[in-house]
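Visitor: Below are the chains, spelled out letter by letter.
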Amino acid sequence: MDKKSPILDVQGLRKSFGGLEVLKGIDLAVHPQELVFIIGPSGSGKSTLLRCCNRLEEATSGSIWVDGVDVLSRSTDINRLRQRIGMVFQSFNLYPHMTALGNVTLALRKVLKLKRDEADRRGRAALDDVGLRDKVDAYPYQLSGGQQQRVAIARALALEPKIMLFDEPTSALDPELVGGVLNVMRAMRKSGMTMVVVSHEMRFAREAADRVIFMDQGEIVEEGRPAEIFGNAKHQRTRTFLQNVLAG
Amino acid sequence: MDQIVANFFDLEVMARYLPDILSGFVLTIYLAVAIVLFGLALGLALAVVRAFQIRPLNWLIVFFVDLFRALPPLVIMIIFYFALPYVGVELGGFVAAWLALGFVLAAFAEEIYWAGILSVDKGQWEAARSTGLPFFRTLRSVVLPQALRLTIPPLTNRTIAITKGTALASVVAVPEILSQATAAQAFAANTSPLTMGAIAYLILFAPLVTLSRWIETRFAWRR
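Chains C and W, in that order, give the protein sequences. Sequential numbering from 19 applies to the first sequence in my numbering. Sequential numbering from 405 applies to the second sequence in my numbering.
The set of hints was computed from the structure by calculation and includes no laboratory data. Just to be clear, a hint being listed does not mean it is correct.
[What the hints assert, rightly or not] Between beta-carbon pairs, the in silico distance windows are:
no., chain 1, residue 1, chain 2, residue 2, range
1, C, ASP88, W, PHE540, 18 to 26 Å
2, W, TYR434, C, LYS133, 38 to 46 Å
3, C, ARG134, W, SER523, 25 to 33 Å
4, C, GLU39, W, PHE609, 35 to 43 Å
5, W, PHE540, C, GLY30, 48 to 56 Å
6, W, THR586, C, ARG134, 41 to 49 Å
7, W, GLY527, C, HIS253, 32 to 40 Å
8, C, GLY197, W, ASN561, 54 to 62 Å
9, C, LEU90, W, GLY527, 21 to 29 Å
On a predicted model such as this, the values are computed, not experimentally measured, just so you know. Where a beta carbon is used, it is the ideal one built from N, C-alpha and C, also for glycine.
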């Protein structure tokens, strides 16, 4: 596959919950090493879009390809595909009965079938990458929210995914803990990870994103480089949203 | 006072029937252990099967659970012992008592495990599945360990309550503690064997109650 072809390719994606259509035909291509930021009011379908990409939600129609694999095909081994799609959740979702290392190594041992010492080695390296070398044996309840989210990032990173999806990774954090998580994301970007980030961290978007996508009511309203969206949005809906967010 | 001592604490009678009570004690332990192992294991198996959400299987499980929760254990035991032989199934008293109480415990335990599984946050499933863990592995390594901790207090309570039902087995000719004690009481025309029986039950269940309290604190949830 040549470098130009997208890692994530979404076309005509529709998703309904009962009679409510929350995604109304989304087209989105994310290329290798790109950091795409998705912003928009709550209920605009941002999270659902991410969750369709690894089939935590089943799309109603459309197509999604990740790294050349048809996500929605019945014949796709979804568990194998999910190893290549890292996901980070708003509420961390660490396993409370396992240490940080246990959280990171579970999938390494049970999905990749690595031996314990090999899994531990990779797990420690992943925790080191997110700056938690000394928290390897800590349980989630012994960690701050920011540290928990970094463990969650390490858990996804340890599988060496092709793309990382972030679903409001800092929304549940106290303001003083946001920076640590964003620093980890900066480092990931520098190392060339492809990332799709749903977030309200506008300063981070402005600084780090290659592309910003504004969604409203299940549609992509507009997209562009951060400077275009934040400085000079074409649509009134985008401008209104940004005014509300930046004023708050 | 003398009358109480003579009727309930006649040492000569107690000494004479001690071996009987002891054999009942040992048998009751066997029966109780068999019920607990079978009931808790079957209950867990049913809850795990139910988690797969296969409709016809779920109906069967819910039917089984509701049936055995609704019927009095004594009625089940009597049906197993006195009625099943008419359809060619001879269980014997011990097995009838074991299965009857085992099924009842399994039914209650299934509901408790199931509630525990449902109470684990949906995000735990999503996080595990998003790393490629299959359904059953997620259930086993992520969800059940959390669910089981939540279920320990209600489960130990229910286990003790149902295990005490071993006394009902006296009705189906199992020579457990109560049956030995009442037989001895009839022979001796003295109620002292019942005192011994009560003491035997205390010796059997008091440590169990204490143990359950210890397990509950040991596995209490740390947040």
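Visitor: It remains to establish, for every hint, whether it holds in the given structure.
Guide: Structure-based check of each hint:
1. C:ASP88 x W:PHE540: 18 to 26 Å: With a Cβ separation near 25 Å, C:ASP88 and W:PHE540 satisfy 18 to 26 Å, so the hint holds.
2. W:TYR434 x C:LYS133: 38 to 46 Å: Taking Cβ atoms as reference, W:TYR434 and C:LYS133 lie about 42 Å apart, which means the hint holds.
3. C:ARG134 x W:SER523: 25 to 33 Å: holds (30 Å)
4. C:GLU39 x W:PHE609: 35 to 43 Å: For C:GLU39 and W:PHE609 the Cβ distance comes to about 60 Å; the hint is violated.
5. W:PHE540 x C:GLY30: 48 to 56 Å: Hint violated: Cβ distance 34 Å, outside 48 to 56 Å.
6. W:THR586 x C:ARG134: 41 to 49 Å: violated (57 Å)
7. W:GLY527 x C:HIS253: 32 to 40 Å: holds (34 Å)
8. C:GLY197 x W:ASN561: 54 to 62 Å: violated (48 Å)
9. C:LEU90 x W:GLY527: 21 to 29 Å: Cβ of C:LEU90 to Cβ of W:GLY527: about 23 Å, so the range 21 to 29 Å holds.
Hint compliance for this structure: hints 4, 5, 6 and 8 are not met, and every other hint is.
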